[in-house]
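Engineer: So the chains spell out like this:
Number of protein chains: 4
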Amino acid sequence: MLVIMKNDATQEQIDNVIREITDAGYRGIPIPGDHRTAVCIVGNQGMVEESPFLALEGVKEVLRVTKPYKLVSHETCPKPTVIRLGEVEIGNGCKPVIIAGPCSVESEEQTLRIARQVKEGGAKLFRGGAFKPRTSPYSFQGLGKAGLKILEKVRSETGLLIVTEATDSENLKLVEASTDIIQIGARNMQNYSLLRRAGQTKKPVILKRGLSATIEELLMAAEYIMAEGNTQVILCERGIRTFSDNTRFTLDLSAILSVKAASHLPIIVDPSHAAGRRDYVIPLSRAAIATGADGLIVEVHSDPPSALSDGAQSLYPEQFCQLVKEVEYLNMLGVEKCLK
Amino acid sequence: MLVIMKNDATQEQIDNVIREITDAGYRGIPIPGDHRTAVCIVGNQGMVEESPFLALEGVKEVLRVTKPYKLVSHETCPKPTVIRLGEVEIGNGCKPVIIAGPCSVESEEQTLRIARQVKEGGAKLFRGGAFKPRTSPYSFQGLGKAGLKILEKVRSETGLLIVTEATDSENLKLVEASTDIIQIGARNMQNYSLLRRAGQTKKPVILKRGLSATIEELLMAAEYIMAEGNTQVILCERGIRTFSDNTRFTLDLSAILSVKAASHLPIIVDPSHAAGRRDYVIPLSRAAIATGADGLIVEVHSDPPSALSDGAQSLYPEQFCQLVKEVEYLNMLGVEKCLK
Amino acid sequence: MLVIMKNDATQEQIDNVIREITDAGYRGIPIPGDHRTAVCIVGNQGMVEESPFLALEGVKEVLRVTKPYKLVSHETCPKPTVIRLGEVEIGNGCKPVIIAGPCSVESEEQTLRIARQVKEGGAKLFRGGAFKPRTSPYSFQGLGKAGLKILEKVRSETGLLIVTEATDSENLKLVEASTDIIQIGARNMQNYSLLRRAGQTKKPVILKRGLSATIEELLMAAEYIMAEGNTQVILCERGIRTFSDNTRFTLDLSAILSVKAASHLPIIVDPSHAAGRRDYVIPLSRAAIATGADGLIVEVHSDPPSALSDGAQSLYPEQFCQLVKEVEYLNMLGVEKCLK
Amino acid sequence: MLVIMKNDATQEQIDNVIREITDAGYRGIPIPGDHRTAVCIVGNQGMVEESPFLALEGVKEVLRVTKPYKLVSHETCPKPTVIRLGEVEIGNGCKPVIIAGPCSVESEEQTLRIARQVKEGGAKLFRGGAFKPRTSPYSFQGLGKAGLKILEKVRSETGLLIVTEATDSENLKLVEASTDIIQIGARNMQNYSLLRRAGQTKKPVILKRGLSATIEELLMAAEYIMAEGNTQVILCERGIRTFSDNTRFTLDLSAILSVKAASHLPIIVDPSHAAGRRDYVIPLSRAAIATGADGLIVEVHSDPPSALSDGAQSLYPEQFCQLVKEVEYLNMLGVEKCLK
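Chains as they are written, first to last, in this note's numbering: chain A, 234 to 573; chain B, 234 to 573; chain C, 234 to 573; chain D, 234 to 573.
These are calculated hints, taken from the structure and not from any lab test. Where hints are given, some of them may not hold.
[Said to hold, decoys possible] Sample of chain C residues facing chain B (criterion: CB under 8 Å; computed from the structure):
(1) I262
(2) T270
(3) C273
Computed from a prediction, not measured in an experiment: that's the story for all the values here. We treat Cβ as the ideally placed atom computed from N, Cα and C, and that holds for glycine.
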């Protein structure tokens, strides 16, 4: 059980709540957030009577946490969340969103060229990494701030909305200022400090499933963001690590179904990182849409063989056009009329 | 390298080949098949000169095995295999086949009822287990021979073609006599004796991917069947075992793409066993078809809650009708016109 | 619940039991064994009253199956099982047994040479495959019957006991006649027909854990053997399939602990197949013994680089001597005095 | 290839290097570190001639990166690294180190009590979390700064050295000031910003293997720390995520062997988190030492059932004494005399 203190609760009021919890035979653990404090009651075996705590000064509400996640669950919010950015809607079952662009922002020229190509192909959102988490410290780590400037130029020149990754609290501030959607990568899915900081921003967050995260852990990670007040979270399935070696990761499309069964949050799919090879991206994209994904995030490069990262899995621009066409067909037909 | 002896090669001729191999500094291992013997050359580091062996008496041909699998590969047979059973075609990209029915044949009445329902829904093939491989020796193991009789009745009364599983050499003989397609289950994917026996039948074989089999191992298992002379093999993705616990197994749709990249054999998908829950079967079926599967095999029961096995993942008949409708839409639109 | 019929129960008595079960509102499924029949009661939601069935003619006993496995469990047999073969004891915590030899029986000369070497090193049991389950149909499949003859010669010349694998019902008969312990390989762990046949022999059975089998599934597979009347089952951990690529399989030593927590059966460890590389075999053997394994089964070859199979993981004879010495030290010190 | 600039290289010199790389037909990517810049040469197919770059002003050296990791490898440092803290040595094969304590620092009284108990048992290092990464935002997150104060008191009162976890850059500064060894948890193994910051401290770092990290990825993560100048890195195997459900994670002891085959860094084992249950900790600890681990990190609690976290896997103090005794026996006997 969680005793949520008011935003303006005093330390004295918090201490008083903890004292009452102790007197009732439990233990009260204060969990300070940035704006308010929650006091977690632990040590109870069964049900805890909530009314005594509700009556205390400074207490806003008392939450029973039946499922391990709360804010992300249908229980708390039965209507599907739709995130709106201008004319783009993410989470509206009727029209999946497509986010496309290169793995890394390599140069202004390359980035603008690809941006124009994916816009022509039909994308409304542009992805491109300025801060790259790389397995090797000697690999290209992204252009950093300069990359963000290029992304801002993409927005102003093409009107595409920007999605780019933050990898730590410091670059999160920079990313927040430049981007339309903040991406948190699979390797940071349980970087709780970063999740909390992302929860304090006003920008939507794409949260990628960790390589070996269960659906419950993915939802709990989203809960970290939402618990700080940011309700605009988009989940992303990007393949899990298994024994199977025909693809880099095993795309687990059942994640879409399990997320939708438990949560109101939208979920998109990244077939590029899952497959690790270009020729699988279009069929796996069709599969994701046919399963019910709210969108796709795919890697596209004007010249994949010379890409600084992830060239093998980047689509050529003409393949991206084909992808968009196929998704639209699938969508036109299926999702709205028959499949629902 | 493989020295293939003629069917009527004498033991003397085989011995002579082995002697020549030894003289050349390698080792010759005879691999007796049912109709002919192959002599495998081992112990070579690099290329072996083949002409000396081709010249020997009793030798039919000399095969270089560049890939570990041979008969299943595009190299050997560049055209996709299409298996024809009456009007049904499996492996024809234009029209995925749907196989449906209960996990187990429980009684004549139950089986006929479901058969009529899936026929009405649009199935052309009926699945139902007479010999059931069960984790527990105390679980219902199937009706055996009596189950096969019921399946024959299904065929004669409804015209549906029959798919049923063989689990050992003995019941394979019975199954072969009664069924139209022999199924080999995931747990038997590397039961090489059973594979060889299935390779000696004249009936098409559905070979399910093992729970932890790589694509290469799946293709090698098919190679066992084909090496005995049966070229009618249909592969089946049915989910792999991973850490992920939201479904019973993790459906790996990339298997479709990897099989098609390497082999001419058809591949179908079993979403029922992968998901382990009914409500995921339709969306995962759509995904399989959208990825390019040649067909589906799904569990349907007239009364799932009372099924003797796999009730939780069996579709209700009306759900099966919906599934067929959605697959047809997907197919109509996509696969033929745009997606190819 | 399981109604166990007497060995001499008539068909009429069995039919009567089934009729009574039906009348009680459940369904009775006869499970014929070789010597007796059990009737499994299915379709019950909660507890079933057992006394009415106990009273019927021909009924020996009524078993409640609370755990999915029964005969393998501590509940049924609280004392650890010790399998005795001459002076060798398997399952006696005080002295782990070591089984050693080549992957395959390649020739009489090679086999006898290795047998003498492992005997000198301290082995009491000799392993060597006559029937080899191989991923490729073109790989060396073992010498078959001729290999069994060689193994018999090993026994008569060295006094070593023989462990060799059966891969199907047919070669099981041959193997049973020639061997002291029958081995069932990982790929056949859920080959239930083979398990049942092995359960009908009088020889101890080593049952290897499947590549993706849970401990419960391993115990259930042993239950198949025991349910046929053969109580001499030895389990074997040999590595599971995971994402981790530094070894061929991931050796899961916790299997020893989980088996011992649930079952009275002995469990040994095969570090050779798990590691797939020779230099890991000795340290992983030490680890297995330190964890509490009842023994080891390791691959040894007089000339590993020229082995027809598994050369990379076969120990040189002098390494095997070192292994035995280390295990004895560990054992002397630890298991008896301090570690227990 | 990596062109390492001198610490005092000017921007002009760096630009010149990049220009020369471009002129040679490649691309030069500057990788700014805190003290010096490296320029990575990409876009080459084969070998790059290094002498032209060595001749340029401001260039310190040119490194060929044959393996993906460099500083962690035997190639760079053939002697095993031994980390010395007072009389404690980590990485000295002769005497494994044991780190023990509660999962979380819960209160001064609890922490001091456990510290005295583990000291009496034979521990030289004390573990205890002040900043806890928890799956749920509503779980107890640790006492934070107050926890660090308690740990400092443990050091001053017992003389035990302190190991505690840092989860982000901010608490890393605090942790660095209070602890003797900084721990980086499995979920942060690829939190590259945190790794870099840890690389800039002067304290040894225990780096835990990620739940789904390969050995190569673990070594690359260590490379991030070392590349910043901190050479005191201790790796830690703590179980990987697999399908196997009898333990929380599957302890992969082969990691010890693979790390030692590739790297000079010490590696210890955490059996507590791997097993998730107390009764497996002692046997798995023996196994780790028998395999060759340089130490253990185990959870001990004076009253496990009332622990705020990880109670199920925490040893009772008397069990910890038994663990130490067994490890000493194993060690006395084996590692020095016979096992090496």
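Engineer: So, C273 (chain C) near chain B? Judge it on the closest CB pair being under 8 Å.
Structural biologist: This interface hint holds because 6 Å falls under the 8 Å limit.
Engineer: Per the CB criterion, is I262 (chain C) less than 8 Å away from chain B?
Structural biologist: With a minimum Cβ separation of about 5 Å from chain B (threshold 8 Å), the hint on I262 (chain C) holds.
Engineer: If you take the shortest Cβ to Cβ gap from T270 (chain C) to chain B, is it below 8 Å?
Structural biologist: violated (12 Å)
Comparing the model with each numbered hint stated earlier shows that hint 2 is the single one that does not hold.
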